[in-house]
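In order, the protein sequences belong to chains A and E.
Residue 117 in our numbering is what sits at position 117 of the first sequence, and the numbering runs on without skipping anything.
Residue 460 in our numbering is what sits at position 460 of the second sequence, and the numbering runs on without skipping anything.
It is worth saying that the hints were derived from the structure and are not from the lab.
Small disclaimer: the values here were computed from a predicted structure and weren't measured.
Treat each hint with caution, since some may be false.
Taking beta-carbon pairs under 10 Å as the criterion, some of the chain E residues facing chain A (in silico) [unchecked claim]: (1) M68; (2) S71; (3) A251; (4) E308; (5) T316; (6) G397; (7) V401.
Pairwise CB distance ranges, derived in the manner of DEER restraints [what the hints assert, rightly or not]: (8) A:L37 with E:Q458: 28 to 38 Å; (9) A:G49 with E:S71: 15 to 25 Å; (10) E:R471 with A:V94: 53 to 63 Å.
Don't be surprised by glycine CBs; every beta carbon is placed ideally from N, CA and C.
Single-letter residue listing:
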Amino acid sequence: MPEGRAPSDNDAKAMKMITAIIRPWKLDDLQMAVARLGVQGITVTEVTGYGRQRGHSEHYKGSEYQVEFVPKLRVEIVLDAASAEAVVEAISNVCRTGKTGDGKIFLAPVGEAVRIRTRESGAAAA
Amino acid sequence: MHQDKKRTKGSSLMRGLGAALLMMLPALVFAQDAPPPPNKGDVSWLMTSTVLVILMTIPGLALFYGGMVRSKNVLSLLMQVMIVFCVGVLLFAIYGYSVAFSEGSNQFFGGFTKLFLKGMTGDSLTGTFSKATNIPELGFFCFQSTFAAITPALIVGAFAERIKFSALLVFILIWLTFAYYPIAHMVWFWSGPDAFTTAEAGAAANVNAGFLFNKGALDFAGGTVVHINAGIAGLVGCMLIGKRIGYGQTALPPHNVPYVMIGSALLWVGWFGFNVGSNLEANGFATLVFTNTLLATAAATLAWMFGEWVIKGSPTMLGAASGAVAGLVAITPACGWVGPMGSIAIGVLAALICLWAVSGLKRMLGYDDSLDVFGVHCVGGIVGALLTGVFNSPALGGTDVYDYVANAFPNPADYSIATHVVSQAWGVGVTLLWSGIVSLVAFKLIDLTIGLRVTEEQEREGLDTVSHGERAYNG
């Protein structure tokens, strides 16, 4: 990238990271949908958290607990900025059930990406 | 105490007549005969039962408890159970057996004649519940040693996740010596059936029999000696040591409920050794004890499950496992005294009362008995002990108490439930007081010297790394 110029949405070489917090059982649907759009890399982590979907109560013998946190998956995809919108749309559609707890998608710009095996960098490495 | 017609090995008409004649002769003549050798079936069952009780502790109880705590503390429970078991059997060999099962100068403590198992060889014999029937004394020693080992291991659950390992070891030494051995002696030490040639002879031979035995308290396999005993020690301990950090505010759920289930299943299976082995013979009566152990537990599991389903909204695995143990605890004193339907009643009642004890009672009194040692073992033991007096009644399907002088069962019409429940209450009351006081003194002493509890920082990090320098789950 030219020195002194930050990447923008218009720059074809700019990259974005899509972070999607989804229901765990939606992973397979998500993976198939983004694969169809040409996404070749994806990272998945098991997380726990809550948004408006608060937890539920569990009981263990005499004790009852209000469990606030709900298990989710965090899916990260780094790709060229131009393709990001379509992928976000696909993820949204496939992960939506209409009930609270469907999750969220965040986008963030990515400054650099490097493929370890070949030392490529930039959007080609994403 | 047995309704079955006993058949000795190779029984023939001649042998049967001979045995009957021998039993009718006065004690003086009988004493001159050589003691009959043990029946190989009895010996096999005794040893098998012992193995089953070992299995109950390691890994049964270890997993049952280990699964219930958070993962950072699982090793501490596994260690505590396994190490306490080892201490238990060794101490029993050194002086425990002597104090519990030899004659002393009083009804509370035995003597030192069998210190270090002195004089005991493979040929040494001890009695059973049938006249002229012996088992190898070393077999009886081993069987009883596993009881003396699992009982202290039960206590550790009450103050799980915060006790100092060294403090626990010291406590166990004191508690075994001053609580377990005398209580075992009080409940179980007697002359054996052969002494009851006449009522006077029986009474004379039992002048120094256990205090609670002489009160008529019935405890077939250890409801008082093991469960009430351990349970009250646990309650005293958890109250003195205080609640876990975060108790009541943070969720402290079990880290591995499958372990708890596996542990409870091993406990149930092993308990057949615990209860049926206490019969000391492999005869028809043993199958009644087996039946009671099977039915009471199944009934208790279902009762707890349904109770939980109705009150809490869902039937949990943890609840089912706890219900099973509650049933086992309650049937322990009763298994050789009640009938199958009585055992079902005991199982159901114990499960429901213990379910309340681990929820309502616990909340009411505000103590953190982490793994419900008091709620299940003490309360379950009390329910079982008292109901033994009720369901031992022949009118309720019970066996009644065999008269070794008349060599027959008493007239069923003479059974007084009230009298028997009072005898049972003696057992319950004395055990609660004795064990409670010994525990209080022991815990206090240890707290003043080496300290009972780990520091707050250590408790937050977890006992596995802090006390044992180990991590349970590595990659």
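- Which hints from the list above does the structure break, by number from lowest to highest? Result: hints 2, 6, 7, 8, 10 break, sorted rising.
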